[in-house]
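Novice: Top to bottom, those sequences are chains A and B.
The opening residue of the first sequence carries number 1 in my numbering; numbering runs sequentially from there.
The opening residue of the second sequence carries number 1001 in my numbering; numbering runs sequentially from there.
Note that these hints are calculated values from the structure, not bench results.
Heads up, some of the hints might be wrong.
[As the list claims (entries may be wrong)] With the C-beta cut set under 8 Å, the calculated list includes, among others, these residues of chain B facing chain A:
| id | residue |
| --- | --- |
| 1 | D1103 |
| 2 | Y1136 |
| 3 | Y1167 |
| 4 | P1238 |
[As the list claims (entries may be wrong)] Derived lysine-lysine pairs resembling DSS-like cross-links, with alpha carbons at most 27 Å apart:
| id | chain 1 | residue 1 | chain 2 | residue 2 |
| --- | --- | --- | --- | --- |
| 5 | B | K1250 | A | K202 |
| 6 | A | K202 | B | K1078 |
| 7 | A | K201 | B | K1078 |
| 8 | A | K201 | A | K234 |
| 9 | A | K234 | A | K224 |
| 10 | B | K1250 | A | K201 |
Every value quoted in this text rests on a predicted model; they were computed, and no experiment measured them.
Cβ atoms here follow ideal geometry from the backbone N, Cα and C, with glycine treated the same way.
Residue strings, one per chain:
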Amino acid sequence: MNRSREPQIALPALSRRRFVTGVAAGAALLGMPARASSASPRANPTPQTLRGNQFDLHVNYQPVNFTGRERTAVATNGSVPGPILRWKEGETVTLNVTNHLAHDTSIHWHGIILPTGMDGVPGLSFNGIRPGETFTYQFAVNQSGTYWYHSHSDFQEQQGHYGSIVIDPAEPDPVACDRDYVVMLSDWSDESPHDIYAKLKKEGHYYNRRRRTAGDLWSEIRQKGVAQTWQDRKMWNEMRMSDRDISDVTGYTYTYLMNGQTPDGNWMAQFKRGEKVRLRFINGSAMSIFDIRIPGLKMTVVASDGQNIEPVTVDEFRIGVAETYDVVVEPVDDRAYTLFAQTIDRSGYARGTLTPHPELRAEVPAMDYAPVLTHRDMGMDHSGHNMGGMSGMDHSGHDMGNMGDMDHSGHDMGNMGGMDHSGHDMGSKGGMDHSGHDMGSMSGMDHSQHAGMQSGSAGQYSLHGGRPELGGMQGVWFTDGLGRAGHGSNSPIVHLPSEYRYGVDMRAEMPGNGLNDPGIGLRDHDTRYGRRVLTYADIRNLTPTLDKREPTRELQLHLTGNMHRYMWSMDGIKFNDAEPLMLKYGERIRITLVNDTMMTHPIHLHGMWSELETGDSEYIPRKHTILVQPGSKISYLVTADAYGRWAYHCHLLYHMPGMFREVRVV
Amino acid sequence: MNKKTLLALTLAAPLAHAAEEPHTHPPQSMQGDEHAAHQHMGHGKPAQQDASAPAAANLRHAPNEPDHVMDHEVLLTKVTIDQLEAREHDGGALEGSVWFGGDKHKAWFKTEVEQEEGEIEKAELQALYSRAIAPYWDLQMGVRHDFELESDSRNWGVLALNGLAPYFFEVDTSLFVGEEGDTALRVEAEYELLFTQQWILSPEIEMNFFGQNTPEFHTGSGLSDIEAGLRLRYEFTPQFAPYIGVNYEKKFGNTADFVRDEGESTSETTWVIGLHAWF
Ligand SMILES: [Cu+2]
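With the rest of the complex left out, here is chain B (with noise of 0.2 Å):
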């Protein structure tokens, strides 16, 4: 598997939705009668003489879209590709997220996927029910897979809290239960220091944890590892921004050890060149 496939996976479901910009009607509308039965009439029929829609890009609006502005709720999708980069040592990683929802309800989808020398070393998709539950949280459940590389797949149940902390921290924090009861815990935040409006610069840091030792996937239980990500980019607009950094990451006790017995290393640093963007 490859990052490309991954990738076109990731996003094949809600982009199918993406292409129609669909918007929702509440199925009972508090207008009542009146308003339902404008709905029926008042959308979708052939223009006629001269009101064929224009292209102009600033007139984009689809065709289901209601006329009136006050009485649906959009339907969105937002694609967002946190790193997408090419490291040291033949080294390469995606990190990235779809959603597509509504203010409160959403379907959200999120990937991780890392290389080294030139080998995938992880791959996982999440597929995730969302909910506002709080001004600035998101409660979020459903599936993990992590696909087939040198041991077998496997999935995970996931409960996830997704948000913004005070003081302005990204914040994922996700809980894992696999098939045979193993449990993983995995800490991510993220903080934006604006240099200036288009340079930013962005830590991040990601902590995983584990509940068991499964030596077979090279993780042992407590705190397995840290990752830590230091990246400059510049916003040539908010939605597409390149980037430098550098990215370091750490394996701790049982898992170091299982690493270690590989003969690799517990630690390494290494130079990044990518891209954020989201549309």
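Next comes chain A alone, as it looks inside the complex (with noise of 0.2 Å):
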């Protein structure tokens, strides 16, 4: 590429440290491998910093060698993860983006609270940016912190099209430290996305290479007998899933990046004994969820998809796609740390290191054992129950008429819905807080037996709240009962008709407390090894709720698929189906996500900020992105203060084609 890619205020990454400590810890410092290039994989272009508030960018084809095979990714300003993006609160930022694809692309600037028009979403708020062509995108930042960027075009994002976005705050930033990095996680595959999509919706499980064998039934056998793994597998059996099934891409096919840097690439940053150093994570995946973790230094959790928060202090924490962390941690000793991100399912990592000295490395630690999926994660058993790894639980005993008129007839759960819900305590547990509720507007929902509100028929379920002046109703709307903004949702879920058909695998007829499990394979990290892991009860925004009205709706989504398909949907509705949900102009409102799959979903609302209820209504942190536990739900709240289209989807990139809604404020 001939252009120049010169922003028109350049200010080369890091060039006074590089002048201060020579070349050599330079190039440790911008991400470049010690050795020579000679080595296989060569070292590929990494990421400049681009300062200012102009920018141009370029979206090119770029040789990349990430496994020893030469690949082309899809590049910014010829580097994997594009460039980083330095900007100041309060100004206006121009960013020409140059498209030099042969396909149309597009730039959504993740997390940025911005006009629709400049949102980056093709269809949606602009046209894309096609073949050749520039589009200017222009708007104030009003925000500080760590952000990302990434084509919102085809399945571009996995092909390498993404970069960092660090916003300096207008007044002193309250965490002060002596360094700051940048931290991009990533997952590359050598093979073509489409294939990957094909590939998966041909053999949803191509990509897990955990599957039960023999020799695991045998083990299982030796240990608990035969009777006891037959009752344990049963229900996995009969529902055609794998309790081994966490990712759907795993490392068989993808390489992790830390900064574009593999993990014999080694991404280095440098500090000095005694130093406050600043590490910006962000999980630039298009499908892959890590741990990160520092053995040997806590790490004090500073902000959350770029707000500050009251600092937690923890030794490990999950990022999920497109979430952002900010960590200070304080190295005393004189030794070097490897920044350990292990991916959920334990199918690879990421990895770089924090050293004093560039030639100096420290220990690799081994992954922790992979998790297997529990009833827990499907949404039946609530931890209040105390299941004792679901042995305990009576399949064979269940009493189908207190089930009343479930419909299972299509979806062959038979024993999922058999569950016998009389033995566990339904008064305390099944009840769902509903005494908090204005009873009387809920049209004679019979809450104690809550299988009732699926039936299908209109009059069970409360649909009101839906505004027709709005464009109709869409989803599950709450108007009632709703309960204080910050507390989460009083409300009790509701399957619509639309979550019985071909494309739904599962429905969670009891989900649990997103907020406070720290997710599949983390929870027993606390008692196991000790390490505080963190959730998302711990996270209080550093500075006051800013609109402490009280939500006037709840929105009920329930996050649906069917693994075996490969499909995913809303309400077992996809996109193509889909109305758009209607939002009014400074609404208060309330969503709640009911996650129906196995699946941790990371959901992303552009556009406004989901405040997130963790119980603390005067320090609601505000993020952009929020991961569902599978068979769990988790509430949050959005201002309405945002014009226009807006997308609202999972940003898991295979999920997304399905598991996607037009939010429109009008």
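Since each chain comes alone in its own frame, lean on the hints to assemble the complex.
Specialist: Okay, structure coming up:
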């Protein structure tokens, strides 16, 4: 590419430090491997840092080699990830994005609050950038913190089209530190994303290399006996699901990158003993959720999704696709540390080194045990029930009469639906806090048999609040008994008739609490390893909640899918067939997401903040992406303060075609 | 008719589509006018200067694919060779299928060809419309053609239920109705037992029932025959797996009598070696 890639105001990345510390250390700081590039895979172009308020970005094809095989990436300004953009809060930025590809492209500024026309979602907020064209984005930057950008076109994000954004605050930064590094995590495949998607559609477990074997079965039988093993496997077998289905796409095809470096490439960042180092973790993956720790160091989490939070010190945290977390570490020893980001399914890791000397490395830890799913991840097992690893569940003696009009015919879940709910102390759990809301308005819903809610006859669940003047009723809206802002949903779980179709393979009947659950594979890390793991319940905003109004409506939206057919949807309806979700400008609503699948979904709302209800209404944390645990529900508040058409979707790239809604603020 | 031509026949139609890897836009998108306008403007415009599409394998992107991710259903083609094998005594078999379509609607083609002692014993092709009716089940209907071998060719109407039963049994149950009101029922079930992620043992059974005696086709009413197989495959990739195995066939009732009258045996066990693949 013979075009000028220089931004109009260009300060070469870390130039001062490079000057001071010499070329070798500078190279390390820039994330280049310490050894010469003769080794295979060879060094890939590394991202520059661009500063200022005017930027020229060029989306181009770039030869890369992450695996020993030459491939072509979709790069920004010639590197994967693209350049780190440093903005300043309060300024207006202008970004000229030129498309040198043979296909349309786009850039979406993830987590940035801006006018809809600048949001960069083709087909929704603009027309995309056609080959050869330049599109100029221009908007005021009214926030600070760590964000990122990526293509919203096709599967380009998987091909390398993403980069980081760091916005310096207008006021002095409450987080003081001596060093400041972006740590961008991502997943690379030598396969075409279209091939990956096609393989998943044809065989959903294609990339799962941990399927149950006869050996597993044998050791289970030796441990528990045939009868018990049969019991434990029964539900999975009848549901035709695997408890080892953690990630759709795994290390079988992925190489995990840290700032564009493979684990062997070993991205390096330098510090001096006693310094405070700020690490801005960004998960720019297409499909990979990471668990991050730095053996030997405590991490103080100071920001989540770009927003300052009350500092929480942890040993480990999970970062969903598209989330960002800023942590501060203070190494007191003159030794190297490994930045270790293992994937949720433990099929691989990204790794880098935090070191006082470029030659020093730390040991790379072994990955933790790989998790298996439990009944809880199907929304069946509440932590309060102490099911003793599901063996105690009574499947045989269930009373189907009790389940009333639940329609199991279409979905072969007799066993699951037939779970003995009567034994579960429905008074306290199944009751789902109904006391808090106005029963009169619920049109005589029979709460003692909450299965009755999904019988499909309109009288039994509440669709009111859909506001016909806003374009009709989509999803289930509640307007009564909403409970206090910041404290989450009181509303009953309603599975719409559209959830009982071929595209949905399970429904969470008793979804768990998605707030205080560290997530699959992390739940026992405290007891097992003594690691404190961050949960959403730990997060409190650093500054008081701005909009203290109570929500006037609540939308309950279900994340649905069929793993076997590899179909993803919301409320059982794919994007293609869905109406936009209509919001009235200025209103305050609550969105409750119910995860009716066994996957963890990072759900991203464009244009507005998602204010996570963690139980403290005074300091509600603001996020742009919310991880929804399998079989769980979670609530957040949204102030509809941005007119226009906005994307609202799962950020797992291959879930996005279906698990997607348009949100329209009018 | 040999195996090759049959396979070619089976594959020809869908592969023509596969070559272009098409995607559909729904005719009336919810996006309305703005979106429709985008569809017209957005795609296939020749690129300028350095924008020529690279040949890199990982950038494969068919020219007609829409360039945004969220609003199209992908139409795919899957070709499955369940068994392509050589059997003892100069025998062989091909069992495979091709589907083309989206999540709900698909066109399916199924074929079974068997050869014994150098002679084609059985050769059939089914062309079906398949529709997803439940999370794990497709309802299929269409026609089956039995190719002319020793006797005349014949045609059947087909109604099938194909999918994954509890306990991970892959099941294909087909009801056939012939031109003269003949009826037949076929039940196939297959299971996969993993020894490791790559060594997979796959037991399989097929049962055929007929509603009437048809001596010229050597089929008698009731349970006619059972074919059971046990194949151990090694998945070099999930898509390419050679195997070895054993195949057992037994004929029952009137069918067995017809076969006996011909002086042939009613049961046979053979070793097999073959390939399991899909793409
Ligand atoms: Cu998802």
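Novice: Which of the listed hints are not met by the structure?
Specialist: 5, 10
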